[in-house]
Every structure is written in structure tokens, then in C-alpha cells.
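Q: Listed below, chain by chain, are the residues.
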Amino acid sequence: MSTRLAKGGRLINRDRPLGIRFDGRWMRAYQGDTLASALLANGQLVMGRSFKYHRPRSVMACGPEEPNALMGIGQGGRFEPNRRATQQIVYEGLEARSQNAWPSLDFDIGRVNDWGARFLPAGFYYKTFLAPRPFWKHVFEPFIRRAAGLGAAPAEPDEDRYEYTYAHCDTLVVGGGIAGLLAARAASERGERVVLVEQAAHWGGRAPVDGVVIDDLPADVWVKNAMEVLEKAENVTMLPHCEGSGVYDHGYVLCNESLTDHIAEKAGPRQRVWRVRAKHVVTATGAIERPLAFPGNDRPGVVLASALRDYVVNYGVSLGDRTVIVTNNDDAYRTALALLEAGLQVPAIIDARGAADSTLVNEVRGLGVNVHLERGIAKVIGGDTITGVAVCLQAGEGAVLQEIGCDCIAMSGGWSPVVHLWSHCGGKLNWDEARAMFYPDPTRPPTDGNGEGFVTPIGAASGALTTAEVLANVAETMDIAAPATEAETPAPLAPIWMMPQGAGPELRAKMWLDYQNDVKVSDLRLAAQEGFESVEHAKRYTTLGMATDQGKLSNINGLAVLADRLDESIPKVGTTTFRPPYTPVTIGALAGEAKGDLFQPIRRTPLHDWHDANGAYWEPVGQWRRPYCYPKPGESHADAVAREVKNTRQSLGILDASTLGKLLVRGPDAARFLDMVYTNMMSSLKPGRCRYGLMCDENGFLMDDGVVARIDDQTFLCHTTSGGAEHIHIWMEDWLQCEWWDWKVHVVNLTEQFAQIALVGPSARNVLEALGGMDVSAGALPFMGWVEGRLGDFNVKVYRISFSGELSYEIAVPANQAQALWMALLEAGVADDITPYGTEALHVMRAEKGFVMIGDETDGTVIPQDLGLDWAVSKKKDDFLGKRGQQRAEFQKPDRWKLVGLETLDGSVLEDGAYAIADGTNDNGQTNTQGRVTSTYYSPTLERGIAMGLVANGPQRMGEVIKFTRIGKDPVAARIVSPVFYDPDGEKQNV
Amino acid sequence: MSDISVTALPPLGMITLRGDLVLLAKAVAKVTGCAKPDQRLSTTSNGCRLIWMSPDEYMLVCDHIDVADITAKISVALQKEFATIADVSDARAAFDLAGTEAQVALSRLVPVDFAAMAPTEVRRTRMAQVPAALWREGQGWRVICFRSVSRYAEDLLRNAART
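Chains A and B, in that order, are what the protein sequence lines are.
For the record, in the first sequence the residue sitting at position 546 is 546 according to our numbering, with numbers rising by one throughout.
For the record, in the second sequence the residue sitting at position 17 is 17 according to our numbering, with numbers rising by one throughout.
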């Protein structure tokens, strides 16, 4: 039974009690407690159920490496699953819920999986659910999905907000233990800009717990002094509650600072992601203790020796009165000292080593603790609570020699440096045979843009395990004098990967490696036996290290078991890849401010607010929002589109075309340049005239189109598609900067400088004349001409171009005047029933005229000749981008799919993207196709469905009837016709 | 509470100049008095700010009402040269940030090392998901972005300012 001790607890404030709720039950805690220490103080030893077998579990660790004590924290919009109780600081009113248990933590029906554990070996799912195939979707997968997962996903939107902070520094120190503090001080004294982050709430790491003395001061005092110096230094930023999560190229480090997770007051952002650019990264991330693999090593009450020390010293909490310590190294003996100091009993130390002779061991022996050498644990005795251990020979098979009564077992299998951040960006590791651990190889660091190492591990993270080694390592690395401390000579560690070493199958199946994913020694051995010899394969087959703790406790033990089974050396087997983040980061933190209105920038035209106020139904066009149509009250979208089309064709429509790209291309070589980027001839265009042009990529595929206006001899204004302005601007700059760098051409993107308003319909000229100031008569401003001047009160350029087949003017005006011009045009058009229309009416009208749309008729595999646009591809020019590509044999084939119009025999509207059916089937048994629909609309003008499509050799098959697919219905017959459905002679625009 | 104020500014005059920087600077100096700015920096004179934008581009920020006049004068000075002058005053939106914490607010949105920024430096950068530029203006900061995303930019700045 765990409980609060009468004394002790350096991190808690016994004068500040507070209340928390666990599974609906109120509990008392102290300020400074973690959720784990508070639960232990209240006698709540069981804190979770394991993933696969639903075994009851308690804390194994006391920090971020904890695999078992995962909780759901908070409620409603502040609920978050899978938080480690060992890191969650308590506050008044904290709500915590246990996970993966039903109906309750104490009685969990899923435990039946455990009793049948031998039927759920490694690869069980792979082997079992192979056939029959349809069962996967309908039986196996839903079953597995229901059974899988630890915490429940939050059901409500996240109430909190999050933010980023971009920071820059010379040195980023990750970890605020004694090594990190010393390194930060050294860097600060050199005048560097320093950021020091520490994931915990407190500084100094575990030195104060371990009774370390530095410069004749207890570690607590030394740490306090070091903190005071750093806090005063103006060049140091210190961030507690902030984890160094990931190290990336070029000194980019992602740190995650918790702002309100540990306090009751939830005002302000919950977490802040620090995106740090550091010239140098120092990882002072410490080391993690490894468990020992003995039968029953996952039982509540079995805990890492260092963690037990933490609970006793930091929080004044014990897991039991009598603790048996099992170890293969000296460090666990410190736990004996801490327990005895707290007035608790240590009935025995089971030491697997053949000999243990050191100052520390002798000190513990001197206090009367029985040390049993060359022994191991064969069994953990007891039902729901531990009552003792069965001791065996480490060298044997597990025959019980004696039983020792106890209610807690503290284990230590040695220490592994936390090499994660070192490894994220490519730092390599060496294997230390004597201490059985991987440590960073200083000669193979992650390298920066100059090939220099940019990460330096220090202290325990570098492999220095004693205080003296840690301080000496930091001193040497940072080029400072080492603080004084007493040197230690621990007795050598014995690498123990299985206890007892000769354990048979039955015992091996009770030795846990990965607690969170329920992977045992037997599973790893089975994986090796079945041929999963690569550590990466064995990991995936067994799920070792694949849980939310990413195998912090299990990786080394697992690969050692694998190496043993394969008769390979441990470094030969190697580690799996360390990937960021170090512990899970919430999606909310990574999203930062990007939620709600700030989720994504929406580009608004200068007329956006008018559209919004006038009932526009919006359509996203790239990042722009454009009105799709303007439905009147009671009107469907289809009705609105039909009205907008009819009004425009009969009288007058007005369109916001501001999203069109507008690129100013200017210079002595501008004409020559445009001849290269457009397929047609632009150099022959006269000032005052416009020409429709096509742009292809180097492969000849149609990429963009638009109207080019020649302003003067050296100046052109190139219109691009709405989504294409930035892309084409970059495309032009790319060619000018990288290929034709000596051509004198400037490109300026004026897209946002000008609003563009299209006035379309038979009455368009009347309205312009009503505004006055410009001669827009057919003689002065013919089709494909443009003029600049003053229209009413506005300085404008008027382009007489048409994307609808109607008499049409596009009026460009500086964006700030767009709203005023729009209102003036609406007013002048009242008599002609001026009708604002949206993108859908625009599409219908262009389709009625057979005009192609980039992105509908093109998809990156279509050349202009496929669309019957041969007339816009110059045959006179020596070269242009795409010319050579278009000469490929594939493009000359007579059966290429080419643009035609399509009319259903019954007048219905073809389905968008529908395929034209051909005879027979292909090699995969699929019906052959001979074309597809690219644009399809109901034409209010013709009162029937019209469509354009690409059909094999289509233009030569006019009048032929072919069939098109319909989803869930019989195919429909359509006749191949000209793509120009309306006013084929262009009489309407030629007025 | 934060003391940061975010102000959306009425339209500024902005003129893009492209060409040889020595030629451009000479013409601009004659018209506005602004000296030639070094790489990444800006110069000011008579209410105008000349900003280095790229190895062949400046931007001149001035009062909106003066744009036509200044553009015409610079165009005349450069009419024989390979140079492009364009009025882009309507293409952008501008904001002023004031308050002791303004820089902290900006550091939540832009990957800028403010401590390493020269007093007259103009940073063309990224503000959350959109392009932006910023410089010190008086005691505070001026931020410009494209007009189509001005609402987003304003929302961003106000959100970052409220912590």
C-alpha cells in the first residue's frame, strides 16, 4: 500500500493542500505534487490498464519515460487523453480519469485477454486475420479498432488557444540539471545568447535526490546559487515546463512550453511552441534507468529504483513499507539509503552480480542491509498486492531458493543516456560494453550547413554517469574549471537482459519489456525465431517501442534480447531510429494560432464585403473566395445561375474579375521574352491591342492562359488565370533569372494593385457611355482593343475582351476605388437590369461558347493541340517553351483524346468526369474507355445539358453517338458535336 | 493585460522600382532626398522611405497623395534607362504596432531575429501563413502585407497582441 510519509518531500508544500478528482473520487494533494505522487499518497497504486492484456499497472518511473500511468486530464473542451501522471502537476480541482479499463480500473473485463495471453503472441493479428478477405472490412477491423487505443479522443473542440514564439540564440541548452545549468552559465559568461529549457517544473535534475555535493554545498544549494546567477544574466532566457522536443537541420529546434497545464487558472494560451534557431545545441538530457526483465516485473509495486527514490525524497511518498531492491549495478543502492533515511525497511538487495565492492555498497551493507549476490527474482508473490519475492540463482533456471517478504520491489538494470535529441538529426552512437549502454559518438555528430557538428551532448546524456564524471565532462566541453565533487568508483555493472538467465518459456512469457504495448521477452524471441531479425522488423512485428512512450524503457532491453536470440552483438543489431518529438506534442500546439478564423488566410477581393452583404454564395478558388452566384430569397443556386446567365445574355451582367493575375512585363526584351513564354506570337501585337495567349511548360502541356495587352513598345500586361498569378510570376522570374539572365525584362506582379470589373451583355456599352468620359464606340474601341482614360470619376483601363461571347468590357481600376466604381456601374445599369453574376454563370457562358478553362479541360497531360487550339500555337517562331515537347511522337497519334462538344440525346446533363465507354475490357478486366467529360452544365440559354469532353479522335467523329458512364445508373448516350454551342459566328460580341 | 495597440493604416503611397540600383537611387535621391539604402536597409527623407527589396528592386513608401507626382518625376529621370516604375499603393495594407510588448507579439508570428536587426532594416519575411515585411517606424513597428490578406493579417496581429 502506498502512502504519504510524515516527513520529507522537497518539491511539495505541505502548507498548501488542495483537492483533485480521480475517477470521480475527491483526493487530497499538496501543491507541488505530480498526479502520480498524489495518487500514491492516497493509496491509489493501480493507475492504468495495459494496452493488450488489460493488466493492472502502476507507475514504473517518475518522469517523461513513464509507460503505465497514462490518464485523461480535464473535461469537455479541455479533455486530453494519454497524459503521463508522472509529469502532470496537480492544481485545485484537477480532473483525472483512468483509461483502457471497463467497467472500472479495479475490475476490468478486458483482463480476459491476459488469461488467454498465450493465445495472443507476437504477430497474432497478422497471422489470424488473413482470410476470408471480406471479413477484414466488416468483422476484424471494426473489432480491432474497438479494442485498440488507450485514451479516448476528445469529443469536443479544443477550448484552449496556442501560440508560437520564434527565438534565436547562440546556444540552446536542453535540460536544466546540474550539467545544463553549468553549461548555460559557461555560455552566458562567454557573452552568448543562451536559451535554457527544462521539461520539469523544477531545476537541478536528480542531483538533489541523489545527495550530490558540489563545491562543498548540497546540490539543492548549489542549484539555487546557479539559478540566481542565470536569472540575473540578461543574455539568458530560462524556460521551465518547456521540453526540447525535436532537433532538425540547420540548428532548428522545436521546444514545447506548457503554460497552463499545471495551474487551475486557464487564461491565456495553453501551450507555446518555441521554434528556436540555435547556432549550437547542447543536450543535457540526462539518462534513463532501465528495468530488469524478471517474471512479474510489471506488477503494481514494482518500480524503477531511481523513481522510488524520487517519490520518497521529492514528494514524501512511499510505495510500500518493505522494499526489496533488485539490481545489476551500484546505483540502486542509493535507493536503499533514501528508504532507510525515510524510516522504511529494505529486507534485502538482490544483486545479480558476482561481486559488489564499492564505497556505496559497503555503506549500505554497513547499515545492516542483507545483500544477496548472484541472485535473481524467480517470481513476484502475492495477489492484488505484492507480499514477497521468490529468490533464485541468476545463473540458473529459476528454482526458488527462498522467499523474502516485501510489498514493493525497486529494480535497476543500469542507465541509458537520453540520446534522442542527439540522434534526431543524424548523431551516431557507440556501444559501451562495460556499462552496457549506447552513448553519443562525439566524432559523428549531426552536422550543420558547413559540415560541423551542431549538437553537443553533455553530462549524463553524453555517457557520464557519476557526478564527478558529469562535472568533468561539462568542464571539458565548455572549457571551464570543473566544480569540486568527490570522485566515485562504482563496482562494475553486470549486463543482465533476462533474470534468471536460464529462464524457460513459462517464465519468459511473464517478463515484460514494453509495458505500454505489452511486449514480453517471449514475443521478441518468437519474432527472431520467425525471421524478423532486423531490429526495425522485430519492432514492427512485436510493436516493441511503438506506444506513446516510444520505448524509452524498453528499447535497449528489447534489442539485447533480440541480439541474444540471434547470437549477435548488441551494437551489430543496433537501435531503432529515434524520431521527434521526445514526448507527444498536442496537435493544438503544433497548429499554433491557426484555428478558427486564422486557420488559413482567405484572399478577399476589394469587392468582397459588397458580395458578402449581397448574399453571395461563396466558392473557393485557390485561396480566393469568389461569389459562385447571388441567390435571391427563395431561389435555389441553380435558379440563381440560370437567372444570372439569362439576364447577362439578354441585357447586362457584372462580374468581379479582380482575382485575374496581372503581370506587368517591361523592358527592351519584353516582346522577345513573351514570344518564348507564350505559344503564340506576342511581338507582333500592336500597342492598344489585346491577344489571347497560351503558356505551356517545357513538356508542352498547357499550363495557363489569358489575354495579353500591349501597353507600349516595351510594355505588356499579361493576364493569368485566377489561381495562376503567383505561379506564372515565379515561372517568368525563374526563366529570367536562371536561363535568360542577360535579357532586359522586368516582371512586376500588379494583381492586387488593380480590381477588374467585367461589364457583360448587349447593354454594356450604354452603361459605359452613361458614365461618360471615354469613347467606347465600336470604332474607337473595337473587339480585342484596350484604352486608358477617365470613366466618370475613375482612372481606368478598359479592355474589350469577352469570355462569354457577349459584348464585354473588363475595367481595371486601382483597388481602393473598386467599390466606388462598382456602385457607379450598378447605378448606371439599373435601367438595363444590371445583374451581378458569379463564377458558375461565368462557367456556363464560357462553356456555351466552347471556351476552355485551365483545370477543367486541362489536367497537366493536355497540350493545346488536344483542345483544337492549334491556331494559338505559332508555327513561325523558332522556339518557345513547350515547342520541342509538343513534337513528341505520342502527341501526334491520331487517336489522342481531343476536345469536342457533347449533347445527350435526352437533353440531360452528363456527369462531371464521366467516361466514354469503348468496346471490350483491358488487362485488368476493366471496361475500356475512349474519352471523358471535362466540363458539363445545364445551359439556361439552350435549355438543355451541354458538355465538353476529350474523346479519342473526337473532331473526326462529329455526329457519332457514344455512351457515357453514370454512377449507379445505366450509361447515357451523347452525340459528338462542335464545342461551340451558342452563337458560332460570334455575332453577339461583334457589335 | 498587454499594452499593444494595432492600427490599420489608411493607404500609403508605394512605388516599386526595378533596375540598376545605382541608377534608381540617383533618380530617387533627386526627387525625394532619400539616400541609397544598403542591402536589407532603408533610408528616409521628407516623409519618404526608400527600402532595399532585392538586388534590383527598391520600394519607395510615401504619402498616398504624392504618388503620381513622384512617379512622374522619377519616370522622367529614368526614361532613357532600363528601369520599371510601378504604382503599387493599392496592392498592400499597412499596420502600425505600438507598445512595449509589440516586438514580443511580432515574435509569435514572424521568424525574425529582432536583436540582430539593424535600426533601419526592413525584413521581408513570413507572418504566419502570408508574406509580410516589417520595419521600425517611430517607437513602434510597421507591418505591410498584400491587401487580399489584410483581414487575416489584422486578425493575426490582434490575436498575437492579446496575450
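Check the hints yourself; a few may be wrong.
[What the hints assert, rightly or not] Simulated pairs of lysine-lysine, DSS-like, Cα-Cα distance not exceeding 27 Å: (1) LYS893(A) <-> LYS876(A); (2) LYS36(B) <-> LYS73(B); (3) LYS744(A) <-> LYS36(B); (4) LYS797(A) <-> LYS36(B); (5) LYS80(B) <-> LYS744(A); (6) LYS80(B) <-> LYS797(A); (7) LYS875(A) <-> LYS744(A).
[As the list claims (entries may be wrong)] DEER-style ranges, computed between Cβ atoms: (8) ASP793(A) <-> ASN46(B): 39 to 49 Å; (9) PHE599(A) <-> THR100(B): 28 to 38 Å; (10) HIS727(A) <-> ASP20(B): 39 to 49 Å; (11) PRO240(A) <-> THR100(B): 22 to 32 Å; (12) GLU363(A) <-> THR100(B): 18 to 28 Å; (13) PRO240(A) <-> ASN46(B): 43 to 53 Å; (14) TRP871(A) <-> LEU23(B): 41 to 51 Å; (15) PRO55(B) <-> ALA487(A): 56 to 66 Å; (16) GLY451(A) <-> ASP38(B): 50 to 60 Å; (17) GLY138(B) <-> ALA155(A): 22 to 32 Å; (18) ALA482(A) <-> ASP113(B): 25 to 35 Å; (19) ASP20(B) <-> ARG672(A): 13 to 23 Å.
If you're looking for bench data, these hints aren't it; they were derived computationally from the structure.
All residues carry an ideal CB built from backbone N, CA and C; glycine is no exception.
Q: Does each hint hold? Answer for all of them.
A: Cross-check of the supplied hints:
{"no.": "1", "hint": "LYS893(A) <-> LYS876(A)", "in the structure": "holds (23 Å)"}
{"no.": "2", "hint": "LYS36(B) <-> LYS73(B)", "in the structure": "holds (17 Å)"}
{"no.": "3", "hint": "LYS744(A) <-> LYS36(B)", "in the structure": "holds (23 Å)"}
{"no.": "4", "hint": "LYS797(A) <-> LYS36(B)", "in the structure": "violated (34 Å)"}
{"no.": "5", "hint": "LYS80(B) <-> LYS744(A)", "in the structure": "holds (13 Å)"}
{"no.": "6", "hint": "LYS80(B) <-> LYS797(A)", "in the structure": "holds (25 Å)"}
{"no.": "7", "hint": "LYS875(A) <-> LYS744(A)", "in the structure": "holds (25 Å)"}
{"no.": "8", "hint": "ASP793(A) <-> ASN46(B): 39 to 49 Å", "in the structure": "violated (30 Å)"}
{"no.": "9", "hint": "PHE599(A) <-> THR100(B): 28 to 38 Å", "in the structure": "holds (30 Å)"}
{"no.": "10", "hint": "HIS727(A) <-> ASP20(B): 39 to 49 Å", "in the structure": "violated (28 Å)"}
{"no.": "11", "hint": "PRO240(A) <-> THR100(B): 22 to 32 Å", "in the structure": "holds (24 Å)"}
{"no.": "12", "hint": "GLU363(A) <-> THR100(B): 18 to 28 Å", "in the structure": "violated (56 Å)"}
{"no.": "13", "hint": "PRO240(A) <-> ASN46(B): 43 to 53 Å", "in the structure": "holds (51 Å)"}
{"no.": "14", "hint": "TRP871(A) <-> LEU23(B): 41 to 51 Å", "in the structure": "holds (42 Å)"}
{"no.": "15", "hint": "PRO55(B) <-> ALA487(A): 56 to 66 Å", "in the structure": "holds (60 Å)"}
{"no.": "16", "hint": "GLY451(A) <-> ASP38(B): 50 to 60 Å", "in the structure": "violated (31 Å)"}
{"no.": "17", "hint": "GLY138(B) <-> ALA155(A): 22 to 32 Å", "in the structure": "violated (49 Å)"}
{"no.": "18", "hint": "ALA482(A) <-> ASP113(B): 25 to 35 Å", "in the structure": "holds (33 Å)"}
{"no.": "19", "hint": "ASP20(B) <-> ARG672(A): 13 to 23 Å", "in the structure": "holds (20 Å)"}
Violated hints for the displayed structure, listed by number in ascending order: 4, 8, 10, 12, 16 and 17.
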